[in-house]
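Top line first, the protein sequences correspond to chains P and Y. According to the numbering used here, the first sequence holds residues 1 to 330 in order. According to the numbering used here, the second sequence holds residues 1 to 743 in order.
Quick caveat, the hints were computed from the structure, so don't treat them as lab data. Take these hints with a grain of salt, some might be off.
[Unchecked claim] Sample of chain P residues with no beta-carbon within 10 Å of chain Y, all distances over it, derived:
{"hint": "1", "residue": "A49"}
{"hint": "2", "residue": "Y317"}
{"hint": "3", "residue": "M319"}
[Said to hold, decoys possible] Stretch by stretch, here's where chain Y covers chain P in the computed footprint (C-beta under 8 Å, at least three residues):
{"hint": "4", "segment": "50-63"}
{"hint": "5", "segment": "88-101"}
{"hint": "6", "segment": "106-113"}
{"hint": "7", "segment": "262-272"}
{"hint": "8", "segment": "298-304"}
[As the list claims (entries may be wrong)] To be clear about the criterion: a stretch of chain Y counts as covered by chain P if any three or more of its residues have a C-beta under 8 Å from a C-beta of chain P, and this derived list gives those stretches:
{"hint": "9", "segment": "639-648"}
{"hint": "10", "segment": "673-686"}
Source: prediction; values computed, not measured. Note that CB positions come from ideal geometry on N, CA and C, so glycine has one too.
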Amino acid sequence: MIKFKFTLIIIAVTLFIISCEENISPIGELPNKYSVNIVLRTDTAYQTAYLSKIYVTEDLNANSLEVDPFVDGAKVMLKYSDSNNEYVFNDTVDNSNTNDRYNTPAQYYYLNNFLPSTGKEIQLAVDLPDGSKLSSKTKLPEPVVFDLINSTPFIPGPYIGNDTQYVKVAWTNGNSELIKAGRVTLVYYYRELSGEKTKHVKQVPLSYVIKNDITEPVYVNMSYDNNLNIGRSILEEFMHSISEGNESKARYSIAPLEVEIYSFDENLSRYYSADLFFDFGFTVRNFPGDVTNIEGGYGFFGAYSHTKRIIKFDQQYLMNTFGYMREVTN
Amino acid sequence: MNKQKFYLLILLLSIAWNQNLFSQEKGTLRGIVVDSTNSEALPFGNVLIKELGLGASTNNRGYFVIRSVPANQTYTLLVSYIGYKTKSFNVKVEPDKITELEVRLVPSSIQLQTIEKVEYLTEEENVPDISKTTITPKQIEYIPKGVESDLLRALATLPGVQSTGDVSAKFNVRGGESNQNLVLFDGIPVYYPFHSIGLFSVIDPDIINNGEFFRGGYSANYGRALSSILKIVTKDGNKNNFSGSLSASLLSAKALIEGPIPEGSFYITARKSISNDVLKKFVNEEELPVDFYDASFKINYGNSKFFSGTKFSLHGLFSRDNLKYNDPGRPDYHWANNIIGLKIFAVGEVPFFLDLGITYSNFKNELLPKESDVKPKLNDLSDFSITADFLYILENKDELGIGIDVKSVASKLFLVNRFDFKADVGLDKIGSNAFVNYKFLRFENIGIDLGARFNIKNLAAKGDFIEPRFSFNYLLLPLISLKGSVGIYQQELTTIIDEREVLSLFDPVVIIPDYLEKSKAAHYIVGISTKPANYLSVDAEGFYKKIFSAPTLNENKSLYSEPDLLESTGESYGGELIVNLNFMPVEFSASYTLAWAFKEVDGVKYSPRYDSRHNLNLSFTYNLPDEWRFSTNWIYHSGFPYTQQIGFYDKLSIDDFLNEYDIYQTLLPINIFGNKNAARLTDYHRLDMILSKRFDFNLFKVNLDISAINIYNRKNIYYFEQSTGKRVNMLPFLLTGTLKIGI
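Chain Y on its own, in the form it takes in the complex:
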């Protein structure tokens, strides 16, 4: 029996082994938890049947399901969510029926939170959640802003996540390249989720309802990424009232309008750059004439009765960036994202969820040389996808997920070299993936997630058919759970990264060409998690990631027939520790990572540029009276690798030797470099602070943030200029502010 059949058999047996399938005297509780002020779903909240100690967490859409509840009885249901008043009410469960609920929670003030004992109820501790972090807009707000509050920059504060500089929001996860992360915007891949030069993301944090970030070990319903998945769920828009907000920072201004429509809601938001003076601080006081905008919208329509309906949503995200120099001798750059999707979300009469999507994601990056020596370049990637995900919740709490997607991807990459040699390295392909995963949640002490992805039709030419995944949570003691995960991950699209570039402006995304293997990695993760008190949690994880193949730029290509990309391998390993303390009005978190990363290309093994041995992030928030809030963040990491210059040699000038020449007059000094990334830059550390105040003026709600970045003006080295050896430092001390006025 081959591996695939064996795996399928295990899955089928798992489903068949369902002892409580035909229970007669039990019923089901199903519901959605929403904010009473705007009816936005509240994800990752807690629901508990007090008398039974039986509970569930709300999913990222705010839904919860509790099955196998003894029927014909009235229970006390407790629903809690951080920042909201816990709600307690009676509910009667009917036999063989789904009792539907809509729970509206009322926000509580910080003061109330400190007085009221918030009931942190039984979470589903057996649900495998290794290497997963949930992110709320509030967490993004708490992080001091360099230019804009930003989800992708917030990720860099998590253990195992590494940013290579203050300039860019690009990130590396557990020793993986930055092109091994997949950002899903309401299920749609965003292939280049950054504004100009990667400064911050194109996704406005004000439209985010929640995010889930998987640093590894993700289950079979996520694929096409080797290192991480960032799943962003946007909000639906205020279902109760029309509202809006205007805000401005030193860089941009934005507006948001949201409100109800018959049987639904909408939001529309737009952000536009207004000045780029502040950006000079990020690029060593160089001019960075960036002009950008992003806009997004969502329209929801569905039956207002929650349990009986199907919800349709149409959403889109559009961004444009231009980097235009007045100097005709400097090239211009353009970036554009066009993302649109239609989603149909259905909740069935039996406890199942069905998610259908038709989506389109396009990324375009262009270099216009004007009168410079640089040649034009164009990258245009279009992804049209149809997806269907199905989740069935069994009587015994087990969950069965099945899904399929079909993608049509067209990647174009036009390059022109110095000899005006034109190359089109694009591909048009159709691919399809399916997944099955089964979560054993029937046991109190252990949860197992067993699944696999099937590459029915590959976009890239060569790769494995099956990607098995396995993860578990085992409750060793009431307060301590052990976790583990192992899985195979593949990726078919890649951004071409030139490792020699500290900062790049042309980041083409292509399908991995036919002459290379599809990118492939294996994750092995173990962890331990404890929550000794309601206000304290400690998580530790160890990981080993083996990258069997990943495309990398052929830096030594010098003949046209040689490939642009080579296959590289890599490995990374390390340990992560995160401590969270939530003792209102004080919140504190510390994360530490000890990690090693290696990459091997053409038989040469080296540490990639983002390899940092120690990473420490400390953050502290103090919620002061009268809606004041103070947060501070200290980041430390040990120095990144770099390649030392060791001297010069004299070489014939490239332009002169066809003519009659004197050899001694045609020589130019050429840099000699040492072994790649063999030296280390100095350690990086930075202290940031943010002070926020919320004012209420009748109808208006005003938020004012003042951020101070790099308070002690640490001169963190960014790189050495290769032509002069001049040291270039990262962001100096910077004071920024944001004003937001909402109705």
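In isolation and in its complexed conformation, chain P is listed as follows:
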């Protein structure tokens, strides 16, 4: 009987030991590497960059990091491939702005008076204080050239022989491999009884999605297509909404619709497309996709060009449909 009890105890202890959870860390060794982020824009001559050290937190919750991993004192430089001119960023501690994540003064690199030339290859080089080097390159896409024949000339457009369900914007030189982002802005004015005019700038929704029973507007349309179709019904619904509750419709004057097309370079196109073609919805993934294109480290270097087209409204259409005036000063 004693033997039997002893055996049972041995079995119970063994089972207890082997049932325990063995410790294993999901975290590997952190290498000494850096990350740099720059997106060059042709709609401004003020370019900014952020350079930081990669990091790890004990609980694998990145938001528990309390210190800005920004790295200053590095040489962050741009150079066209066909030129020897260097454009060097300055680092700054901007005490007038706060980095909300760390609640510390904002730190970043900036470059003034640099409007990137489209169609040219441009190189990024970063020399860090510890001797590490980061590099990357891109070619700024040419701005789109609007196709006037296949674009709606005015809103609502000529009715005869045309589909007026959409306000169409088309362009001719888009690379179908690269993503184009379209955004539409409505500028309008409201004239007070005193005669004072106030300017309003609003993004026009291009579509709507329902998320958790809430309908949300989508303001940017991304596509490989070389055209952007703005739904007339959505546009009109939106234009009605700007004067909702106000019977004095004639006090509103509408400026031409602004359509902006952003042509992404290959890097940005990859950034936006990554992991999309088999984005299996459920997913318990242990290795998500990512696009990083920095030699020697992490981060992202990309660029886009920007083009704007305005489409005027027909006065009769504005008046008859909405009761609005056409803004003539713009």
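Once you have looked at the hints, place chain Y on chain P.
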């Protein structure tokens, strides 16, 4: 002379070299061995002519043929089958005739089996059978049930077969991907043989008569799979009486009806989910609102006189799975299998078997986004096939098999990406394969299987015309046989697997696209087998598998023009050992595998997620008096590879930078991962038990099973959540039960 012609010549010479073709004073014994209670065929049984020591095994339809038996004499025929009383009777063999028999064996109780010395008779030890395991419904029953007793889960207990988690019944064989296995349901391919998220198979074990599982080295009559073939033969239905059963588990309820019809028999079965509470245990206590059913039927019609007839069978399998969340923000998923086939099986006046089939297999998988961010997806695969297989048994025991199939496959895959970009990567193709294989069984000590598959018309665009196969069994000593096999294998359809997904709900099956090579592998296997006693067998095999090409998801695709799939290569090698001890009332088996697997994509070589160095499976069954049975199973494998997270870097937010922004406000932390699958999870082990009792109440037969899974509640790691690093464990301790009532 090119390789193909050389190969054909060898085959023709082999057939011509048939010394006993015109024997005058010899006859043939041919028969079927069936269960006396329901006339179901008994596969893999033994038949022996006692006086001559000449014997044969029954095939998977219960048939046997013994040729070249000296005629005009009366012999004692012994027919045995585990679990049945051995039958001994006299039979007279006529010259130049086929003597036809139907042998009806009576089941024996466990008690009788322990008393009666079961005659394990001369098996055909020279028949090449490398890497082959036969499976009976009883073996499936003996394995403790997680949710349902299941054939595919039972496979994971075999050496060389690896399952990557408790959740899924998907399996990997000898370092191959899970999409390199072909499941044949009465000869019809089942492209996605799983219920929701791969929990268990759509094939109800109650309809299985037998299964044959080939882990590699399979002969030329099997093709279109790189790593393994699972051939399932369903039962015919009770030919003697009407009978039925009802059973219920914590997950589902099912019913089975079977019985005789004029000149034939039928069965019909249906299974339906009744609750999914138990499934939460499998997915970390998350809600898994699964609703499923499967149904199958078979109708047989044939001449009741066994040897003179042709048997027709119409059979089908239908399954539906829905994963529907009440939350409109979570997408719904649907899976469906529709499988139907007409089979004509003919037994000729000379010893040949002819198997004709017209089959249709359809798999549909759909993702409905509802109000979620996920985009809709649809995969629809239809395979319409006509097959003809012919087997001729020569006087000298050699066998010649010839077959051809013609397939029309339509695969559709509709995808929509985040930009509403729609893609249809489907293909419609017609393909045809033929095979010839010749088994030299004339010699007592050696058996050779020589054959080839011919890709007359490819479904996939590029591939080899011929797939040569060779295997042998050599009886080195009376109790020890050496085995070997070498062959080329190709595959034209594939399931697209995202290796980054621990658990996937959308598993599209497609024809390999034209820009890739057809999947191709070579198997090299050697083995040794011994049976030192009637109750003990030991088998050891070593394998090397080279995968020359296999499609793999392009994880780095980021431009539309880049391909969705890339070609990968791989290799795996290792050794397997299996020991079976059947000493009634005790049964014990142990299997051990030592293996390595590697995969290479785009110049990067890594261990795939299912690569495990050591695998051990121990199972023990004790058949207790009064129809009690106790089984226990202990599974161990060393840790799977995984990719470690090494830190974070800050990156511009994907949504914000078009607007005016402050760069320091738009940064989001992005995970940095180490080298792919460079780290290893901790070892896995689990102890399961099942206690069964059968009760007889007049007409009713009641089976009660109680299973305890992961008895010592081992916290086996499944994966780390990539967003939090949180450890997710596999199945905790789980107690389940099944009640089955039969008439």
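Hints and how they fare:
no.	hint	in the structure
1	A49	violated, 7 Å
2	Y317	holds, 29 Å
3	M319	holds, 33 Å
4	50-63	holds (count 11)
5	88-101	holds (count 4)
6	106-113	holds (count 3)
7	262-272	holds (count 6)
8	298-304	holds (count 3)
9	639-648	holds (count 7)
10	673-686	holds (count 9)
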